[in-house]
Structures are given as structure tokens and as C-alpha cells.
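Number of protein chains: 2
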Amino acid sequence: MDATYTALCKHGYASLRMQDIADESSKSKATLHYHYESKQDLLYAFLDYLTDSFAERIETLEGETPIAQLLSLIETSLEPTEDDGLKEFRTALLEIKAQGPYDDRFRAELTAFDRLLHDRIRALLDDARDAGLVRDDTDPDETAEFIVTVLNGAQTRHVAVGHELECTRSMLETYICRQLLADDVDRTEVGFE
Amino acid sequence: MDATYTALCKHGYASLRMQDIADESSKSKATLHYHYESKQDLLYAFLDYLTDSFAERIETLEGETPIAQLLSLIETSLEPTEDDGLKEFRTALLEIKAQGPYDDRFRAELTAFDRLLHDRIRALLDDARDAGLVRDDTDPDETAEFIVTVLNGAQTRHVAVGHELECTRSMLETYICRQLLADDVDRTEVGFE
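So the sequences go chain by chain: X and C. Residue numbers for the first sequence follow the numbering used here, so the first one is 1 and each next one is one higher. Residue numbers for the second sequence follow the numbering used here, so the first one is 1 and each next one is one higher.
Be aware that a few hints might be false.
For chains that are exact copies, the list does not tell them apart, and a pair is met inside one copy or across any two.
Calculated lysine to any residue pairs in the SDA-like style (CA-CA distance at most 20 Å, straight line) [stated by the list, open to error]:
no.: 1; residue 1: LYS87; residue 2: PRO101
no.: 2; residue 1: LYS39; residue 2: GLN19
no.: 3; residue 1: LYS39; residue 2: ASP2
no.: 4; residue 1: LYS39; residue 2: SER15
no.: 5; residue 1: LYS10; residue 2: ASP104
no.: 6; residue 1: LYS87; residue 2: PHE46
no.: 7; residue 1: LYS10; residue 2: PRO80
Simulated from the structure, these hints should not be mistaken for laboratory data. Just so you know, these numbers come straight off a predicted model, no measurement behind them.
This is chain X alone, in the form it adopts within the complex (with noise of 0.2 Å):
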């Protein structure tokens, strides 16, 4: 997984060879495809692995409240990526996504991963709901919903045309703050700084 994950970088969607990845890794491309009939089914493999990951990552979030948690969460989704790849990774994450109307396993598996990314803010804002900490029109599963969107949208615009990640953090904060957070609820007390 660990060798995919290179490969991907070095390469992109598009052009990745079973031996890319194998040239990655400990392993033959003998091997590989002893264990994977084709790169299709390593990179399904490869997303499957992916949303575990995310998933034991984002398990236990930072933050004593269920706001300053989807903070660290908004944080985690959108982090900087001067370093390893993560740009190249992007990129390659989102050449996936555009296979997903001509994929079904491939939509199968960027599915589970929206899916899991929704339903764990959606928790993080039904905690914040019966905490009393946003207000009582909020409804968590729209919210939910719509923040995924942004955290889509800025991961291609960073692809796209290079725009910084970090803007879109410091606007879903200002979105958090002023739409969700309830009136007698002290900012700094919930998680901002």
C-alpha cells in the first residue's frame, strides 16, 4: 500500500504500470499480480485501505468539544502539503475521482469514503446540537453535508489552480462561528482561538 501510495505520486492515475508500483516495493511484479489480477484491483485495494485509514485517524479527533473535534477534523482534511507528496497525491485523487461515473468499484469506494467523512461530522454536529453549542435550526445532516462539499472543493481547487487550502480552513471557521454556533456560546470556550 505503502509502495501504491509512491507510485501514485510519482506517476499519476493515468500512467501508473504495475511495475511503477513494484519498483516501489519489496515485491515482483510477479507477486503483485499473484496477490492483484490487475492495477484496477490494487488500486481498489488501495482506496479500501485509504478510508480504514482515514477512518482509525479521525477516531479520536483533538479538542474538548464536539466543535473544537470537527475543527481538528476541517484541520486533518485540509492540511498543508509542503511536503511527501500530498500534492501529487491530490492530484491523483482526484484523476480517481473522474473515473467515477465510468468505475463502479471506483465510485463504490470514493462513496464509502464521503460517506464516512459525512456521517462523522454529522455526529461531531448532533453531539454540538444536544450540547446546546449551535443553534437549534441547524440541521446536522445538510451541515454535514455542505462542509464535505467545501472540503471537496477545496482539495480541487488546490489541484486545479494552486489555491491555498488554508483559505478555505479560515472560511469554514468563519461559517462555523457565525452560522452554526449559538448565540450565548463563547467562541473561545468551544475550541476557536
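Using the hints provided, position chain C relative to the given structure of chain X.
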């Protein structure tokens, strides 16, 4: 340009050949090559044409207030995709966005489109602020960036996982209504239904 649109919808970006475009037009492949050295050159011209057409389309927007015009612009960007290959076209466009980091000309064309959309939204928000329709603390530039990000996210999720564009449109309206509109403004009078 129409032939390029149709060919992109049918074949997608990655597997598109000059012959596919010729097949959709009254021109031969040789004639296309006379005008455009390569498939890439033709696609640069096509993106340029798209930006010009979109600029023309959003120059005059329906609605009597800048807010109503902003709602029209959002509606135009998030048109439902039932007919004439619009979903396929958005998919091809997402493939091209994923080429941004690897192709300077694509990135330049994509950036021109991104700026056009941003600047139009920004101008509408400037007008809305001058007319006292939005809160004084609205930053037209940052807010326009945020809306462009949301529109990109809606299109990415629509392609990747089939998320409904309509959901994003409704959430963006809520965002404008709750977070941007000045307190003393009657929402039905500025263009909300």
C-alpha cells in the same frame, strides 16, 4: 468547438483523439491539424472558448438586486444535468482539472475561468454591500473565494459520487441568507423565494 464538446462528452479527456473530434465535425482530421498542432492545442483553444462563453453568459444575470443576480449565477453554475451530456462534460472537465499541476497551459486556462467566476461574484457582493444588502463585516473577496470553492466541490462530488447539485444550491442559499444578508433586509425583496 461544438464537435470538441461532443467528443469530450463521448470519450472523456484521457482517451480523446483528434479523429474523435473530426468525427463529430464537418472537418477532416487533416484540416483540424492544419489549425491546431495537437489535441492539446485544440483543447487549450476549447477551454479558452468555454471561458469566453461563460463570461458572456454571466455578464447579464436575471434578478433586480445583486443578491438575486448572485442566486442566478449559482443556479447557472449548478444546473441539473439530466440532458445533453452535461454530466459527461463535467466529468471531462474534472479530468482536465487533474491535469492542472502537469500542464502549464491547462492551469493558465483553468485559472482564467476560476478568476472570471470569482471576480463576477466579488463584483456582485461589492454592489450588494454598497446597497446595504449584506452585513458590513462581509469580506467580498474572501466570500467570493468561498462560494467558488463550494461550486467546485459540488461539481466534484456530483461527478465522483453522484451527489445532487440541487443540495448544494439550497445550502448556498441558506448560507447567503443567514450569514451574509444584513439584518434589516427582507429576504423576499432581494430575490429569495
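Each hint, compared with the structure:
When the C-alpha separation of LYS87 and PRO101 is checked against a cutoff of 20 Å, the pair qualifies only between copies, where the shortest distance is 9 Å, while the shortest distance within a copy is 23 Å. In this assembly of identical chains, the alpha carbons of LYS39 and GLN19 lie at most 20 Å apart only when taken from the same copy (9 Å versus 28 Å across copies). Proximity of LYS39 to ASP2 under the C-alpha cut-off of 20 Å is restricted to the intra-copy arrangement: shortest distance 15 Å within a copy versus 35 Å between copies. Taking the closest pair of Cα atoms, LYS39 and SER15 come within 20 Å of each other both inside a single copy (11 Å) and across two copies (18 Å).
Taking CA atoms no more than 20 Å apart as the test, LYS10 paired with ASP104 passes between copies only; the shortest distance there is 18 Å, against 25 Å inside one copy. Within a single copy, LYS87 and PHE46 get their C-alpha atoms as close as 18 Å, which meets the 20 Å cut-off; across copies the closest is 27 Å, which misses it. Taking CA atoms no more than 20 Å apart as the test, LYS10 paired with PRO80 passes inside one copy only; the shortest distance there is 19 Å, against 36 Å between copies.
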